[in-house]
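A.B. asks: As you go down the protein sequences, you meet chains H and W in turn.
Going by my numbering, the residue at position 203 of the first sequence is 203; the numbering climbs one at a time, nothing skipped.
Going by my numbering, the residue at position 68 of the second sequence is 68; the numbering climbs one at a time, nothing skipped.
Certain hints may be false.
Stated by the list, open to error - Okay, derived cross-link-like pairs now, DSS-like style, lysine-lysine, Cα gap no bigger than 27 angstroms in a straight line: (1) Lys131(H) - Lys294(H); (2) Lys185(W) - Lys162(W); (3) Lys44(W) - Lys198(H); (4) Lys6(W) - Lys192(W); (5) Lys15(W) - Lys215(H); (6) Lys44(W) - Lys215(H); (7) Lys192(W) - Lys198(H).
To be verified - Have a look at the derived ranges for each label pair, beta carbon to beta carbon: (8) Ala240(H) - Asp153(W): 32 to 40 angstroms; (9) Pro23(W) - Val190(H): 35 to 43 angstroms; (10) Ala240(H) - Asn88(W): 18 to 26 angstroms; (11) Leu195(H) - Gly142(W): 36 to 44 angstroms; (12) Glu171(W) - Val190(H): 41 to 49 angstroms; (13) Asp153(W) - Asp221(H): 39 to 47 angstroms.
These aren't lab readings, by the way, just hints derived from the structure by calculation.
Note that the Cβ used here is the ideal one computed from N, Cα and C, for glycine as well.
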Amino acid sequence: MEEGLTKRLFVKGNEAVAMGALEAGCRYYFGYPITPQSDIPEYISREMPKLGGQFIQAESEVASINMLLGASASGARAMTSSSSPGISLKQEGISYMSGSECPGLIVNICRSGPGLGGIDASQADYFQSVKGGGHGGYHIIVLAPDSVQEMYDMAMLAFDLSDRYRVPAMILADAVIGQMKEGLTPHPYVAPDDLETKDWALIGDGKAGEQKIVKSLYLGDGELEAHNNRLHAKYAVMQAKEVRYEGVDLDDAELVITAYGSTARIAKTAVRLAREQGMKVGLLRPITLFPFPKAAFKEHTSAGQKVLCFELNNGQMVDDVRLAVPGTDVSFYGRAPGAGSLPTPEEFLDQIRNHYEA
Amino acid sequence: MTEMKKVFSRPDSLKDVQTHFCPGCQHGTIHRLVADAMDYFGIKDQTIGVASVGCSVFLYGYFDIDVIEAPHGRAPAVATGAKRVHPNRPVFTYQGDGDLAAIGTSEIIHTANRGEKLTVIFVNNTTYGMTGGQMAPTSLPGQKTSTSPEGRDIGNDGYPIKMAELLSGLEGTAYSVRVAVDTPKHVLQAGKAIRKAFKTQLDGQGFAFVEVLATCPTNWGMNPLQANERVADEMIPYFPLGVYKDATE
């Protein structure tokens with residue numbers, strides 16, 4: 001354990017995710033500057049050399065995700081980070097990583113779009129993140145931290161899940177979570193017992209008689225179909241075993257509020273204010289956006305509860321909520337990318353009151 | 001009875017399999033030269049090959065080495081990631097002209113410019129072979145292809161790009177050479193160049209680039225002999241053979 005690792009720190013979310021990644025053993029970072037995530041490469045360019053790792057500022061987002069592919073195929077824990085327009089450029093490589101089952105961490109500190117959009121916080125990349133993003137019909141693991149502490153913790157979790165399933169993992173945050181400073185208690189990384197040696201990867205001093213191939217091309221009759229079915233079987237296992245969510249005041253809730261990431265922080269305050277005013281409402285905060293907490297939504301709407309979904313977009317996660325609980329009354333309130341300011345707890349509280357009393 | 005001595009055999013680095021290459025295609029010759037170089041240095045079990053997209057994608061089917069398959073044009077970036085993780089393992093890419101000189105120009109230029117200690121084998125046959133003979137960044141002026149049916153028009157399509165010369169202008173490039181495999185003499189020269197490109201990497205001297213002029217009889221609409229003659233008659237005059245940079249001495 002590094003000295004001072006349990007000392008309470010006051011840092012940005014972007015720094016926390018970088019710290020967590022390095023503590024988890026990430027020794028290779030490849031990236032390209034873009035607002036509002038540049039604190040991540042800046043931090044890592046400073047700290048990685050002290051750990052004997054490698055930092056490359058690549059010529060493009062395209063190159064950096066492919067460097068990640070190469071490092072991952074070589075058996076290393078490695079990462080990249082970017083923001084929305086840069087993540088679009090990385091989708092080619094993410095598809096190839098998915099097809100060739102290369103683990104790795106991709107951090108998306110979302111900004112507004114479409115196109116160059118703006119640099120303010122947005123949750124408009126939800127669909128791109130959880131539905132595959134690139135070509136070919138795959139999924140990646142998507143984690144949505146709502147605090148600086150979770151940025152640190154989830155960097156570790158992302159690497160563990162990614163290595164366990166050989167599926168790339170994304171931390172999906174936004175300018176609010178990335179840029180805000182709050183308390184962080186770092187802690188040593190402890191590797192899960194079940195993580196296996198990457199004997200599929202090009203590790204060690206050579207192949208020692210057995211050729212290692214990392215590829216996504218399958219041309220033989222039926223090979224690709226079998227490969228895709230195997231990938232989707234892994235997604236089904238993740239759906240059964242790896243769902244994470246936070247529940248607040250759900251036991252007697254008549255109205256279930258749902259939100260993730262930065263929006264969930266605002267919603268938490270709004271739910272508390274509503275409780276103070278006697279409204280029986282609770283919060284269901286998805287932490288894994290893929291796999292999505294479908295069963296939790298079923299459980300907490302089984303007695304006819306209504307759902308109200310808050311997002312910083314024009315309605316994306318709400319579609320997955322509706323798919324999870326068909327027949328349930330699911331409403332949506334969001335702010336389009338580029339709203340310029342965040343919704344206030346009072347703004348959400350008004351929405352809660354309207355839906356609670358309806 | 002005279003005892004027969006074996007004087008020529010398949011390199012250990014090549015598998016004993018049939019290739020998918022067309023009759024008269026020179027990928028097979030170039031594969032052999034790369035395998036000879038790995039055998040020469042005894043690095044078969046350490047080497048990582050990075051396959052690209054096109055006819056060279058089946059690298060892992062023919063070389064008995066570890067292979068990562070890269071997206072189109074991205075082999076130098078993938079190789080960079082692998083080499084940074086395993087600085088003591090030889091890493092090479094094997095790319096065609098569409099892959100390296102069109103969609104992958106950014107990756108090859110910046111990988112060379114960083115001086116990555118890699119070996120790059122660039123097979124220039126002036127066409128997109130796998131996709132059916134479309135115009136390549138190296139297609140010659142007037143060359144008829146499936147997407148330049150009237151011949152490459154410099155006014156519309158620009159000029160065939162000379163990668164060995166272009167990369168020789170970068171500080172990070174240690175060795176840049178253009179060779180051909182159309183005659184026995186040229187094959188021997190190409191073999192030496194490829195061996196030197198691996199030695200450059202093994203000695204830690206920087207980025208090494210070998211451009212190999214090659215045939216694509218199928219997409220050129222020629223028989224193998226005609227195709228081979230075209231290398232001498234049309235390609236070499238535009239793409240002169242030679243060492244464009246050697247900073248290894």
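A.B. asks: Now tell me, hint by hint, if it's right for this structure.
C.D. replies: For each hint, the structure was consulted:
no.	hint	verdict
1	Lys131(H) - Lys294(H)	15 angstroms, holds
2	Lys185(W) - Lys162(W)	23 angstroms, holds
3	Lys44(W) - Lys198(H)	21 angstroms, holds
4	Lys6(W) - Lys192(W)	22 angstroms, holds
5	Lys15(W) - Lys215(H)	18 angstroms, holds
6	Lys44(W) - Lys215(H)	19 angstroms, holds
7	Lys192(W) - Lys198(H)	37 angstroms, violated
8	Ala240(H) - Asp153(W): 32 to 40 angstroms	59 angstroms, violated
9	Pro23(W) - Val190(H): 35 to 43 angstroms	59 angstroms, violated
10	Ala240(H) - Asn88(W): 18 to 26 angstroms	42 angstroms, violated
11	Leu195(H) - Gly142(W): 36 to 44 angstroms	59 angstroms, violated
12	Glu171(W) - Val190(H): 41 to 49 angstroms	45 angstroms, holds
13	Asp153(W) - Asp221(H): 39 to 47 angstroms	42 angstroms, holds
Hint compliance for this structure: hints 7, 8, 9, 10 and 11 are broken, all remaining hints hold.
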